[in-house]
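Chains as they are written, first to last, in our numbering: chain P, 1 to 166; chain Z, 1 to 166.
Any given hint could be a false lead.
Pairs involving identical chains hold if they fit within one copy or between any two copies, as the list cannot separate such chains.
Quick list of in silico lysine to aspartate or glutamate cross-link-like pairs, EDC-like style, CA-CA up to 16 Å [said to hold, decoys possible]:
#1 K155 <-> E13
#2 K30 <-> E143
#3 K155 <-> E112
#4 K44 <-> D152
#5 K9 <-> E53
#6 K44 <-> E27
#7 K44 <-> D131
No wet-lab data here; the hints were simulated from the structure.
Since this is a predicted model, take the numbers as computed values, not measurements.
2 protein chains.
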Amino acid sequence: MSGGVTIRKAGREDTALILQFVRELAEYEKMSDQVVADEALLEKWIFDKGKAEVLFALVDGREAGFALFFHNFSTFLGRAGIYLEDLYVRPEYRGRGCGRALLKELAAIALERGCGRLEWVCLNWNQPGIDFYLSLGASRMSEWNTYRVTGDALKELAGRDQQPGN
Amino acid sequence: MSGGVTIRKAGREDTALILQFVRELAEYEKMSDQVVADEALLEKWIFDKGKAEVLFALVDGREAGFALFFHNFSTFLGRAGIYLEDLYVRPEYRGRGCGRALLKELAAIALERGCGRLEWVCLNWNQPGIDFYLSLGASRMSEWNTYRVTGDALKELAGRDQQPGN
Numbered sequence: 001m002s003g004g005v006t007i008r009k010a011g012r013e014d015t016a017l018i019l020q021f022v023r024e025l026a027e028y029e030k031m032s033d034q035v036v037a038d039e040a041l042l043e044k045w046i047f048d049k050g051k052a053e054v055l056f057a058l059v060d061g062r063e064a065g066f067a068l069f070f071h072n073f074s075t076f077l078g079r080a081g082i083y084l085e086d087l088y089v090r091p092e093y094r095g096r097g098c099g100r101a102l103l104k105e106l107a108a109i110a111l112e113r114g115c116g117r118l119e120w121v122c123l124n125w126n127q128p129g130i131d132f133y134l135s136l137g138a139s140r141m142s143e144w145n146t147y148r149v150t151g152d153a154l155k156e157l158a159g160r161d162q163q164p165g166n
Numbered sequence: 001m002s003g004g005v006t007i008r009k010a011g012r013e014d015t016a017l018i019l020q021f022v023r024e025l026a027e028y029e030k031m032s033d034q035v036v037a038d039e040a041l042l043e044k045w046i047f048d049k050g051k052a053e054v055l056f057a058l059v060d061g062r063e064a065g066f067a068l069f070f071h072n073f074s075t076f077l078g079r080a081g082i083y084l085e086d087l088y089v090r091p092e093y094r095g096r097g098c099g100r101a102l103l104k105e106l107a108a109i110a111l112e113r114g115c116g117r118l119e120w121v122c123l124n125w126n127q128p129g130i131d132f133y134l135s136l137g138a139s140r141m142s143e144w145n146t147y148r149v150t151g152d153a154l155k156e157l158a159g160r161d162q163q164p165g166n
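Please build the complete structure, drawing on both the sequences and the hints.
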């Protein structure tokens, strides 16, 4: 790993720290009001149901940042890819290669698992993030926009008055 | 289902038809040159590895369109979501509610499985698609852009001279 940064895979015992990183990232993204996750939900969906995986970047043995990812799928490539949902490095550890080390590890995991792509999204005002991603060889897929149905609109589309379960 | 449209889940025996729909969708998106998938890859990654699921919309008992989806993950919600990778209806069956029936079924699956969101992307020149999605109650997440590392850039980022396996 670059510059004294090491990577380790998170386990169930790291759930509280994962939630802490999620909250710090949401604060950076000015979206703290959208965080409804708690430890029980994260433990259930990540570690019981296996719907995501988490890596930590460590500096001097301390968790400096994290990456949460899952498998997506490309029909054009006919195979899975890796989708990076969250990437966050604590401010006091920035500039030491943590983000690069996490992305490098994800690229290696993608190749090991036979995946064709590594993808993620970035806010269009996050210029430091954009510059960093382009420097890694990433392409910006500007012609695509994401659409989302959630909350009451999801229930309405389903034609139900049903609450999502936990 | 709306207007005589029925939905069925695809099985392994439908792999050739899935590939045919993928190719027709790629042609509509002007991206046929990007399709490297074949039947063996799709069967392996969808039905052996379980990395995606497929629904067909049927009109008069004939497969008129398809939806390919997988689970994504929201750290803010602390749970999985449903991500619609491909949605396609053959031209001769458009305007009969196939797309709406597929999205309605996906919304119902999301609620049944306790997922918080249904998401997808749309090309920014596909105005009929955009109008349709907004009419369903979807929000456009215009502040996000997708970034992708693939091919040689993926190997370079991983620091390897390794070919992705099949």
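Do the hints match the structure? See the list:
no., hint, verdict
1, K155 <-> E13, "neither (34 Å within a copy, 32 Å between copies)"
2, K30 <-> E143, "between (25 Å within a copy, 13 Å between copies)"
3, K155 <-> E112, "between (39 Å within a copy, 11 Å between copies)"
4, K44 <-> D152, "neither (24 Å within a copy, 36 Å between copies)"
5, K9 <-> E53, "within (8 Å within a copy, 28 Å between copies)"
6, K44 <-> E27, "neither (24 Å within a copy, 40 Å between copies)"
7, K44 <-> D131, "neither (35 Å within a copy, 37 Å between copies)"
Hint check: violations occur at hints 1, 4, 6, 7; the rest are consistent with the structure.
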